[in-house]
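**Q** We have chain A already, so just place chain B on it with the hints.
There are 2 protein chains.
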Amino acid sequence: MINEIDHPKSECSNFILPIKDTLNVLSGKWKLPIIGVLTYGKKRFKELEREIPHVTPRMLSKELKELELNGLVKRSVFDTKPVSVEYELTCSGKTLDKVLDAMKDWGLEHRKRQMTGQEDVRFPQ
Amino acid sequence: MINEIDHPKSECSNFILPIKDTLNVLSGKWKLPIIGVLTYGKKRFKELEREIPHVTPRMLSKELKELELNGLVKRSVFDTKPVSVEYELTCSGKTLDKVLDAMKDWGLEHRKRQMTGQEDVRFPQ
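So the protein lines, in turn, are chains A and B. For the first sequence, my numbering gives the first residue as 1, with consecutive numbering after it. For the second sequence, my numbering gives the first residue as 1001, with consecutive numbering after it.
With the rest of the complex left out, here is chain A (with noise of 0.2 Å):
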């Protein structure tokens, strides 16, 4: 990505707009929580209210449908006395793994810089 040269705006747009997406899926205060557990399997809907300590159901239920309609999670609906209903990562969901564990290192060094006053550190050109 980093790049010395001229560069067009438009090149710009591309690089941004992909990024903006996968940002807009995460935004929101429970995706996270939701997802992180959703990568252990899946899950009834009162077992992730159990699971993601000060969510309301109103909360958790808003940001289920989101992330259903994002295409990161699926939605089962079981034919039992009373009805139950599982929630699952779906291919979209799963393959944000990658994309969560380099924020995820990336958060880490980032905290440590800023704890020992070394956020302004340049590399060696």
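One or more hints might be untrue.
[What the hints assert, rightly or not] In the SDA-like style, the derived pairs of lysine to any residue whose C-alpha atoms are separated by at most 20 Å in a straight line are:
no., chain 1, residue 1, chain 2, residue 2
1, B, K1029, B, E1068
2, A, K112, B, L1017
3, B, K1094, A, S84
4, A, K112, B, E1066
Hint data in this document are derived by calculation from the structure and do not stem from the laboratory.
**A** For chain B alone, coordinates are given in the frame of chain A:
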């Protein structure tokens, strides 16, 4: 990251906090365009303003300051007449390239899947 075994809640927050840090430093309408332009090298304020369509000087200044506080951008003032100010990515800012590349790749694939209606295709078990 994906692991089907049981998991303690503390493990989840260890995974979520650094990701949230990364999301936070990128949040804001103009952070990505600013970082995008600065990956091509140092820029003066006026150059950034010219290269980022629709940004106002006030917003550009605000988001540059936030990037500076987060240690992603370095601001250098030169004692010329008139004084000149240059902005460039720090080490932290430059190492974001891996994260942004992963986000770009995922965003492109996600858009393709959404357009072809394959958003709920699952991995084979």
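**Q** For a quick check of understanding: which of the numbered hints are violated here, in increasing order?
**A** 3
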